[in-house]
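Those protein sequence lines, which keep their order, are chains B and H.
For the first sequence, the working numbering assigns the number 312 to the initial residue and increments by one for each residue that follows.
For the second sequence, the working numbering assigns the number 32 to the initial residue and increments by one for each residue that follows.
What the hints contain is simulated information worked out from the structure, not anything from laboratory work.
The structure displayed is predicted, hence computed values, not measured ones.
Be aware that one or more of the hints could be misleading.
Said to hold, decoys possible - For lysine-lysine, the following DSSO-like pairs were computed, each having C-alpha atoms within a straight-line distance of at most 30 Å:
hint : chain 1 : residue 1 : chain 2 : residue 2
1    : H       : K53       : B       : K578
2    : B       : K387      : B       : K524
3    : B       : K582      : H       : K237
4    : B       : K457      : B       : K665
5    : B       : K379      : B       : K447
6    : B       : K578      : B       : K457
7    : B       : K495      : H       : K142
8    : B       : K665      : B       : K387
9    : B       : K622      : B       : K387
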Amino acid sequence: MKGKKLAILSALSASVLIISGCSSSSEDSSAVSIEVPDIPMHEAMGEFEGELNIVNWSGFVEPAWTDKFTADTGCKVNPRVAGTSDEMVTLMRTGNYDIVSASGDAALRLIVGGDVQPLNISLIPNFSDDIAAGMKGNVYDTVNGKPYGVPIGRGANLLQYNEDVTGGAPESWDVVWELDTPYKGKITAYDAPIYIADAAVYLMYHKPDLGIKNPYALDETQLAAAIDLLKQQNQVIGEYWSDPVAQITSFVGGNTVVGTSWEVLRKFAGKENIKTTLPVEGSTGWFDSWLVSSTTKNINCAYAWMDYTSKPEVNGAIAVNFGMAPANVAYCASSPEAQAHCDTFFAEDEEFFKRIWPWTTPIETCVDGRKDVKCTSFQDWTNAWATVKG
Amino acid sequence: MMTETISKQSRPLSSFLLRRAKVRLFSLLALPMTWIVGVYIVSLFLLLITAFWNVDPFTSRVSPGFNLDNFELVLTVPAYIATSIRTLLIALTVTLICILFAVPLGIYMAKIAKPWVRNLLAVAITLPLWAGYLVKIIAMRLVFTEEGFFNWAMAPFGIRGPGFSVPIVILTLTYLWFPYMALPVYTAIRQIPPNLFDASSDMGAKGFTTVNRVVFPLIVPAVIAGSVFTFSLSLGDYLAARFTGGATQMIGSIIAQNINLNPPVAAAYSMIPILFIVIYLMVARRTGSLERM
């Protein structure tokens, strides 16, 4: 399943529709530009090549919808499941795959590394107005105005809690951060450097003096403050999770009472008393899209696949199967079940997603628009994260 | 005369090799040497040399180069040092517990138990090897969850498990690697001639003295062999810590975390367990037990 989804998007924050609510007061997007290799895009559709090699999250590529695609186009689908964003990046760099279901963080790394190519959106008719507004034009797949990705779906990192113990929804993330938490030793946190952003989101709300405007644009002082908070959390934490199964058994088995989770994990836990909430500070989240390799030999099959999976029914099937909000919200109105799914995952609730900071790879250019200071890069975050757990 | 001609005709390869010792040696060693040098040593070398390479801070692309920053990180970051020491202590504890269990068990199986009990115990020791490694770790996780088997079974006695922490990691690793200690120790004890026990008791030694003065010196090579397994396997493990350790980190946890994010740091850090093992083997060599293995 999805491991380390370090997403990317906020980077160029103002251009990011999703977080425009969060950062509407901040700076203009044109201020931030990223240097990317110049790779030409596909000009016109040609003959189908007969196969398509996909790197994907578990549950994104299933016979239930690939069979029809193969029948329609003659493109045989060869899926390869990856467990983490980093693994996806490594796999795509082998050059053996045509297309990847990348989360924002993997996406921006691939784009900057020249591993994926810009897209000709006019060849993807289903990439239409039905795609959720909050999933279009985001930095992770749109760099310097050029689109690189076709949205698949999104989800938030919510606060999950055991209601039998907490007696109601915690209003704040303080139950997982502060030393006086009533749940000491029963707390879980996401095990990846990108979790630093969650600390930053908490600090943004509670320590405005630090001047954090975007959790992915931290200068050295701000990063140090976030790391201090994470070290404090380390004293009260029970477990870090990267494996979804471990997280679910922890909640169900009673080892964990509060902690970071996804809506789909709550569903899998399948217990009435295990619930999720979005605390007052807001949270982080992950946004996935299809990206096409810059060295693909199956470009027409790749475009056909992106168009096919952007259809409401196919996009909906992927979202239901994985457990996330579909990118194509036209799916929601297609049936009562679909509507129920969309409601559960807040698919049409842009107000909800405005409180979510989509995972973004931190870069030296401050994505909140500050020019007078150098921000910390993903490599800094990785090194800092190593010092947290001790 | 006649027979010689026939054998020459019918076995051209043998007679060819008979006269060329170098070709003989080459054909004998070609396959294993290709394996050891080509597959084993070269890939290990390629892995370790990465420790000196650079990582692009944004794309995480690794590029060849030479710097010692990664070693500096590994040797100066307090979290890395603490993790190295913790892992070393865990591996030593696991090894010690395995020895403490394996020796009495081996003596009982080899010298006291009836044949059917011995067979039963041999099956019981090796049976866990039939189950998948991950399955066993998950099983330990389920046993020691808050509402798991251990707390349920111990509830009448008012005992509660420690929760996921270092002791549970040690227990899990001991469970995983015990057969690798128990089997060589048992085999070694079986090979001790029975008359040594008789001689020992004839000379007035009690059970404990016999174990201490007769059995243990004879099985030290087997214990060392077993401990190389339990020690090195524990040193390299990280899934036990991930699933049964709560927030516990081991060397492998940090390597796994960095293997995609920052391969050079992972490579540099992987030198630490190699260093531990080399020191361990040197100490074992000092005791002279490697020669007797």
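Is the Cα-Cα distance between K582 (chain B) and K237 (chain H) 30 Å or less?
Violated - the C-alpha atoms of K237 (chain H) and K582 (chain B) are around 60 Å apart, more than 30 Å.
Do the alpha carbons of K622 (chain B) and K387 (chain B) lie within 30 Å of each other, as the hint requires?
It holds: about 19 Å lies between the C-alpha atoms, which stays within 30 Å.
Take a quick look at whether K665 (chain B) and K387 (chain B) sit within 30 Å of each other, Cα to Cα.
This hinted pair is violated, its Cα atoms lying about 39 Å apart.
Pair hint K495 (chain B) and K142 (chain H), alpha-carbon separation not exceeding 30 Å
At roughly 51 Å apart (the allowed maximum being 30 Å), K142 (chain H) and K495 (chain B) break the hint.
Does the structure keep K457 (chain B) and K665 (chain B) at a Cα separation of 30 Å or less?
holds (23 Å)
Is the Cα-Cα distance between K578 (chain B) and K457 (chain B) 30 Å or less?
violated (37 Å)
Given the hint that K387 (chain B) pairs with K524 (chain B), test it: the Cα-Cα distance must not exceed 30 Å.
Violated, at roughly 46 Å.
Would the hint linking K53 (chain H) and K578 (chain B) be met if the CA-CA limit is 30 Å?
Given pair K53 (chain H), K578 (chain B) is violated - Cα atoms ~69 Å apart, limit 30 Å.
Against the 30 Å threshold, does the CA-CA distance of K379 (chain B) and K447 (chain B) hold or violate the hint?
Answer holds: K379 (chain B) to K447 (chain B) is near 27 Å, not above 30 Å.
The structure fails to meet hints 1, 2, 3, 6, 7 and 8 from the earlier list, while all remaining hints are met.
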